[in-house]
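Trainee: Next come the chains, spelled out residue by residue.
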Amino acid sequence: MNRVMLFGQRFHKDDLMLPTEEYYRRRQKAGGAGRWLLFIVVVMAVVIAAIGAEVNAQELPGVSDVVQAEPAEVVTLDEVKAGDLLFTGSKPGKYIPAVHLDSRVSISVRGLVAEVELQQQFKNTSGTWREAVYVLPLPEQAAVAGLEILVGERRIVGKVRERKEAAKIYKAARAAGKRAALLEQQRPNLFTNKVANIAPDETVQINIRYLQPVNYDSGVFSLRMPTTLTPRYIPGIPALPQALNADELALVAENSGWALPSDQVPDATAITPFMLPAKELEALGSHNISILVDLHGGLPLAKIDSPYHDIDIDKKGEGRYQIQLRDGTAAMDRDFLLNWRPRTSAMPRAALFSEKITVEEGGEEKAGAYLQVMLLPPSDSASVQRLPREVVYVIDTSGSMSGNSIRQAKESLTLALSRLHVNDRFNVVEFNSAPRAFFPRPVAASEENIRRAREGIESLKADGGTEMALALRMALGQQLQDDTSSVHQVVFITDGAVGNERALFELINESLHDARLFTVGIGSAPNSHFMRKAAQFGRGTFVTIGDISEVRERMQALFARLENPMATDLQLSWPQGIVADAYPKRIPDLYRGEPMQLVARVDGADLQGDIQLRGRIAGKQFVRKLALTLDGNSDSSGIGSVWARSKIEALRDQQLQSGEQSDAGLALREKILQLALAHQLASPYTSFVAVEEEIARSLEKKLSRSPVANMVAKGQVLQRQAYPRTAVGLYGQMLAAAILLTMAGFLRLGRTVRSNLTRSLRRVLPDPRQSGAEAQPQRGVV
Amino acid sequence: MIRSLLFLLCLGTGVWQLGSAAWLLAKAELAQLLIANAWEGQLQGEGAQKPWPWADTWPVAKLKLQGQAPQFVLAGGSGQALAFGPGLLAGSGDPGGDRTTVIAAHRDTHFSGLQYLKYGAVIYLQDSNGHWHSYRVVETRIVDSEREMLPIFAERGLLLVTCYPFAALTAGGPLRYLVYAEYQSGGERVQL
Chain L
1 MNRVMLFGQR FHKDDLMLPT EEYYRRRQKA GGAGRWLLFI VVVMAVVIAA
51 IGAEVNAQEL PGVSDVVQAE PAEVVTLDEV KAGDLLFTGS KPGKYIPAVH
101 LDSRVSISVR GLVAEVELQQ QFKNTSGTWR EAVYVLPLPE QAAVAGLEIL
151 VGERRIVGKV RERKEAAKIY KAARAAGKRA ALLEQQRPNL FTNKVANIAP
201 DETVQINIRY LQPVNYDSGV FSLRMPTTLT PRYIPGIPAL PQALNADELA
251 LVAENSGWAL PSDQVPDATA ITPFMLPAKE LEALGSHNIS ILVDLHGGLP
301 LAKIDSPYHD IDIDKKGEGR YQIQLRDGTA AMDRDFLLNW RPRTSAMPRA
351 ALFSEKITVE EGGEEKAGAY LQVMLLPPSD SASVQRLPRE VVYVIDTSGS
401 MSGNSIRQAK ESLTLALSRL HVNDRFNVVE FNSAPRAFFP RPVAASEENI
451 RRAREGIESL KADGGTEMAL ALRMALGQQL QDDTSSVHQV VFITDGAVGN
501 ERALFELINE SLHDARLFTV GIGSAPNSHF MRKAAQFGRG TFVTIGDISE
551 VRERMQALFA RLENPMATDL QLSWPQGIVA DAYPKRIPDL YRGEPMQLVA
601 RVDGADLQGD IQLRGRIAGK QFVRKLALTL DGNSDSSGIG SVWARSKIEA
651 LRDQQLQSGE QSDAGLALRE KILQLALAHQ LASPYTSFVA VEEEIARSLE
701 KKLSRSPVAN MVAKGQVLQR QAYPRTAVGL YGQMLAAAIL LTMAGFLRLG
751 RTVRSNLTRS LRRVLPDPRQ SGAEAQPQRG VV
Chain U
1 MIRSLLFLLC LGTGVWQLGS AAWLLAKAEL AQLLIANAWE GQLQGEGAQK
51 PWPWADTWPV AKLKLQGQAP QFVLAGGSGQ ALAFGPGLLA GSGDPGGDRT
101 TVIAAHRDTH FSGLQYLKYG AVIYLQDSNG HWHSYRVVET RIVDSEREML
151 PIFAERGLLL VTCYPFAALT AGGPLRYLVY AEYQSGGERV QL
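Listed in order, the protein sequences are those of chains L and U.
Following full-length UniProt numbering, the numbering of the first sequence begins with 1 at its first residue and continues without gaps.
Following full-length UniProt numbering, the numbering of the second sequence begins with 1 at its first residue and continues without gaps.
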């Protein structure tokens, strides 16, 4: 009877209907299956509900016209006929791009110049005649020297004309139904390529030839080629279409950007192409690029690598390599970067390349040459007294930084904070539509302050506009100007996705004082033009980070520059009797690992003597010499174009100071125009235009404009253009909560509910397992 | 064993989801009370006031939609500001200023009433000087935020923005519901 007490057995053993093993097994089986069934059904219900909501959301834009109660009062882009990026495909409601794009690049590197041939095929997949408008990103130092149209076997060579004239020629050809192409420079690294009169199902190829200097830094040569862009923020107030003047209206009508001209960026429409996600374009087989590099540096190399692409390297001979993409092609969603490092024994300390020319002057033929010079200042490892630093870190938290970019930026910034010394001072400014400083003034880099800043950085989110001017003003205004006890530095971490670059350069130039500005370019497709020029005007230097794995290495490179002495007061003297027109005009201060690079034009057939570079490092004078020779071996073509391009850049910088519309500015414009025409280069004032003589399209056939979208850069989120996120997903959460709680309830109470149910069922129905057997007492159901 | 684990899991996540939803709602409602005080202080001429010491936003206007209780509009359109009330987007115009005023809020908290605003409905907006401005709804529209910019122009007007569709379960879709209201009159210190 003890057992009764212990186990609470209230029935006599014989009265009990003890469940058989069979019963347990069935129960286990049925119960398990039932539970899983319930679980799966609930999960499915949630998924279906969510999909339903999404589908609703997708379908509704088609109805939006019906929702519109009144004729539109708000003027949107729809009214400024933006052209049709997409056309309706065979499936209703499904839109596909009309013109597909395919690119091939062959790069040939000779010495310090890369000659690039970019072949782009525009394929019209629609049934009507099309004009393709493509915003073409190019390297920021590209000297665009050629344009060709290739239709079948026919080759039409383009010419450089004054910008307005070129546009006029192109428009006339387009209206007449002739095949034509126009290449206009919008920014030094952003061009617009238009191709008129592409027949249905026809492919037109455009060949663009450009030259760019090879970068050499800390023993590594590198070459960067962008394939897409990060959508740029347009600051300022958009003008109402009614308020535009004729020129501006023409600009809006000719281009197909998503932004209207604003008071700060009058050419906004030309630099804001539509973006499509990689997934959509890949499905169509559009926007692929194949890259072939012929590397002929003449140096034995220790390493060749491309951080963002898989490459295959073939050694073709001594110092000659051929590089191509491993998969043949890659999506145009990130910059292509190629680095090559010579063997330590062959590490160049100086280099001189030349291109001989003959110039006619007053009926007389004179010999001359273009020179490209690279010279490293002595590397000085002697330690110097470290001055305390005052660093203001500026981090871009605008919408374009969302995705991987903000992660890279945060990581870089956290790393930068960890490098501060106790006697340094620092501040952090984050900005999107408005800047916000973490501390009112720079504070001591104490553990407490750094911890607080770190917490602040952790909570940063990328959203909103890119009002860079406000942020720059705040950052540059943080430091006391007459304070000479410390070194003033501003580290600017951004993707540079803005449309008002020149206004910003002007601002940096004006309010820099004795500070130095360093830019850290973030993302798969940063605005390299902004990075380079902002650092140049800020008397600093720049690094780019394209992947989270690069953060540590690239930031180390930047720290080495921030913390080590640089070569200052640099002056170059030419041998007597040689007249040289060299760019950059003033040699900038050089940071550790940076060489002096310049291009010059010299007159005279024979060059003799040494060029001398004088300067000081850590208070000590130094002189470096390089013998001038014109031997045939180092002869390389293309330096002339690079020189002209550098000169244009120098003139544009001067123009920034005088203002573009002033007398001095207009005189500079004339100079740039003449230079660009003489060297047949694209420039802010000259464009390439190519027209076929033959008429291709008969005029009764309609021509529609087809902007070719750019691919959303890797790791970036398609921009919600200036719209805030306006839902917290409350309903979803509440539904999920309700479902989960109900499920929990079922799981707990399920047993009781079920046994009650079975009991009441048993009263009405005979137990199938008991049928045939003798009736037994029913009270013992556990 | 599995059953009780599942039970705990369901209960746990359920309570967490419910709690966070409740927290969002409570935050949205409670904050408006605190902000009301800050706004009153501001109208008394005490300058821009933060509703609570660690707030990173402050009220800039008071918004009254037809047939709905007034709400306080905060500065900025960031997630932090929108959690507590409608936000006046940086870069848009001040209430009554010569530039489109853009106010955004979450469709599931403060702007759930936006769907009931019909053509001709009147919207009142009080600026930080206490002056009331009135606007009349002239258009409602659904836009795809991936393809269109905010239509901010150099003229008076009010644009209310929220997510669309109103009943969607998940957040983060590209569609936005816009209500555009024309400027009617303003400048008076009327008592509503």
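Keep in mind the hints are simulated off the structure, nothing from the lab.
Be a bit skeptical, because a hint or two may be false.
To be verified - Each computed DSSO-like pair below joins lysine-lysine, with the alpha-carbon atoms no more than 27 Å apart:
1) Lys164/L with Lys702/L
2) Lys461/L with Lys50/U
3) Lys64/U with Lys461/L
4) Lys50/U with Lys64/U
Trainee: Hint by hint, say whether it matches the structure.
Mentor: Hints, verified against the model:
Note on Lys164/L and Lys702/L: the hinted pairing holds, with a Cα-Cα distance of about 25 Å set against a maximum of 27 Å. Proposed proximity of Lys461/L and Lys50/U is supported: the alpha carbons are some 21 Å apart, at most 27 Å. Using a Cα cut-off of 27 Å, the hinted pair Lys64/U and Lys461/L is violated, with the two alpha carbons roughly 30 Å apart. Note on Lys50/U and Lys64/U: the hinted pairing holds, with a Cα-Cα distance of about 21 Å set against a maximum of 27 Å.
Of the numbered hints listed earlier, the single one contradicted by the structure is hint 3.
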